[in-house]
Structures are given as structure tokens and as C-alpha cells.
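Colleague: These are the residues of each chain, in order.
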Amino acid sequence: MKYWRVPLDSHEVQVTRGHVHIIADRCKGCGYCIAYCPREILEFSKAFNAKGYHPPVVKKDDCLNCHYCELLCPEFAIFSIER
Amino acid sequence: MTENPQNVHPLEDLVRMDRIPHIWCPGCGTGSVFASCLTAMKQTGIPYNQFAMVSGIGCSGRGAGYINIDSFHTTHGRAIPFATGIKMASPDLNVIVFSGDGDLFAIGGNHFIHAARRNMDITVICVNNLTYGMTGGQVAATTPHLAKSSTTTVGNPETPFSLPFLAYASGATYIARWTMLHARDLADSIEEALVHKGFSFIEVLSPCPVNFGRRNKEKPLDTLKKYYENTIVRNGANPAELDIDYKKGVILGKFADIDKPTHDEKYKKMYWPDEK
Ligand code: SF4
Ligand code: SF4
Ligand code: SF4
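Which chain is which? The protein sequence lines are A and B, in order. Residue numbers for the first sequence, in the working numbering: 1 to 83. Residue numbers for the second sequence, in the working numbering: 1001 to 1276.
In short, the hints are calculated from the structure, not lab data. Note that the structure is a prediction, hence the values are computed from the model and not measured. For each residue, glycine too, the CB sits at the ideal point set by N, CA and C. Some clues are possibly wrong.
What the hints assert, rightly or not - Simulated coverage check for chain B against chain A, where a stretch passes if three residues somewhere in it have a Cβ under 8 Å from a Cβ of chain A:
id, region
1, 1009-1023
2, 1032-1040
3, 1171-1185
4, 1220-1227
As the list claims (entries may be wrong) - Take a look, some chain B residues computed to stay more than 12 Å from chain A by CB distance:
id, residue
5, D1092
6, G1253
7, I1258
Please work from the sequences and hints to get the whole structure.
Modeller: Here you go:
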């Protein structure tokens, strides 16, 4: 997790955990979710989707359930749920 | 990733899924602004049938066609007059105008200033991509000085509008600016604007990689990097100092939140004093 500054109580804070879901065939490959996920858990898949784009895949199962990718994605192609 | 048997995105109930994929290009920010807008509507907790969305013409003008509530895709520049009519006929509705900078400030510029002057109780969300995306990237009233467009091939000789300043001078009572990258702040701000009584205006800076970015040597992720690195959140900033200059830093935030009687209230009081 990227912090602007590390909070003094960071070791005590309970972080929420989530699962990120990717609806690969809706993705248009802009890469916004990959570049701005605060946990940097996403990367481009090597495979193409039905539209010919490279959708994101999860490289490390460490989702924070912050829903940021869900808000940012222009295509309704990614969202998170609580674990 | 775990398998989600339904794979249902939480905004799907507000989207006409039969029309998805939408027409917006890869990397276009309009879809992001749209997602923040739908999230804000959910956050208010107001039932969906108490909203109406109106759009004009342009790429972002397609918004009204994708939302799964009562909506109206109007003629060019006329989203605000249609929204005014809806509000006057059904004052209980929350009327949202979702449109672009060209539609709202060039073709429909007069409608904007007069609705703001009257403090018409509607929420105007302007996706500002600095150009006329749909028609091929012509220079707009918002194109930065020196920026290239299909009609200013060596650079724009003009000075652009500062939209929040214009809104402030015209009488808008809620004014904010965000970028599509500030998706959480944007959704919270739209939520605030939706419940605000009076004319609310939110400018959202949003990339048009195809018709603006390409001509100005800016890849979509470069635009987002500017949004991330060269913006400053300053609530209550002086509206006269909100010109868009990434070298100085572009100021974001909420610039006005004023309590003033709306057009509807004043009209009723004077013309139908006996109604509740
Ligand atoms: S919900 Fe947040 S942490 Fe999880 S993938 Fe999306 S942006 Fe990353
Ligand atoms: S933000 Fe959406 S469209 Fe863009 S790469 Fe991620 S999933 Fe695909
Ligand atoms: S032309 Fe520009 S504004 Fe229109 S959909 Fe494409 S990227 Fe978006």
C-alpha cells in the first residue's frame, strides 16, 4: 500500500479485505485501474478479450475493497466485494 | 480473483445494460464521470424514480441514453431549458443535467448563465474534455490557449472560459471542480450537489485521448498523471483564480455552497401564494 506518510498506528489498523471481480469482456484496456489501484494488485493480462483488448488480471490477491477501480473504470468492467 | 457466479457490477441496476458497450472510446473519461454520477445517486438514498437525467449533444450527451431512469436526450445546447421545464412541472424531481463543455457553454452558454442567475434547482455536471470530441476535435470555448485542435492546427490563439468562475458570476449556489481521477471526491461532491437546494454546478476534467490528447501529444495515462500530480485541492478558493494551468497547479474542490431561495420557491410564493 502506498502511503503519503506512514501513519503512526499503521501496525494496529485493521485493513478491510476484498475480492476484486473483473468482467473481462467489457474492458477496453485503458489501464486506469491498473495504474491507480492503491495496492497495485492488477496487471495487464497477456490474453485478449473478445473485443481484442488486454483486460486486467489480479497479480496478487491483496484487494483492500476500496472500490476505487469500480468508480474509475469507464466500462463497468471491474468491482470489488467484501471478503 | 475468485469466481463471482453472477458477476454483476453494483451499478448495473442504473445502467441500460442492453446498450453496453457504450460508444465512448478506450480511455475516454466520460464513462468514469458517469460511474461517479450513478454512485452519487445511489449514495443519496433517494428512490430512482425521483430522478430525471437530461443531456444535450456530444459524447457525454450520450449519458441520458445509458441511464436506466427517466431521461431525455435533447437538441444541441438545450439540456438546461428542458431540465428547467421538467423541474417547473415536477418540482419534486431531482433533475440532473449530464453534458459536455461544448454543449453547455458554447451552444447552450446563454441557457447556463440564466438558469444559474435564477438559481434553478437543478444539478449540472459538465464533462470538460477541452474540445468537441464527437465532431472531430475542433477548438472549443474551453480549449487551453496554445493547445492544438483540428481547427487550430498550430495552437489556439484564444483564451478559454473558467467554468467555475463563470458559474459563480452568474449566480450558481453550489460550485465544485474535480477530475475524473478524483472519483471518490467527485462522487461525494455530486451527492452533495444533488441534495443542495438551488443551482449546482460541477466541472469534471476528463480526457479525450482520441481528439484532444492525440493532437497534443498526451497519452491517456499522461493526462491522468497531470490530474494526479499537478492539481491542488483547495476548498473555498477564490473563483477568480481558477484558470486551468497545470504549470501553476489546477485548483480543485468546492468553491461555493450558498443557501438562497430557488426560482421555484420565489415563483410559487408570488404567483400561487395559496398553494402549500
Ligand atoms: S478495490 Fe481498491 S484495492 Fe481492490 S483492486 Fe480495486 S482499487 Fe485495488
Ligand atoms: S479501468 Fe476498466 S476498462 Fe480500463 S483497464 Fe481497468 S477494467 Fe479495463
Ligand atoms: S471522441 Fe473523445 S470525448 Fe468522445 S468518446 Fe472519444 S475520447 Fe471520449
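Colleague: Look at each hint and say if it fits the structure.
Modeller: A quick look at each hint next to the structure:
no.: 1; hint: 1009-1023; verdict: holds (count 8)
no.: 2; hint: 1032-1040; verdict: holds (count 5)
no.: 3; hint: 1171-1185; verdict: holds (count 4)
no.: 4; hint: 1220-1227; verdict: holds (count 3)
no.: 5; hint: D1092; verdict: holds, 28 Å
no.: 6; hint: G1253; verdict: holds, 18 Å
no.: 7; hint: I1258; verdict: holds, 28 Å
Every hint, counting from the list given before, is met by this structure.
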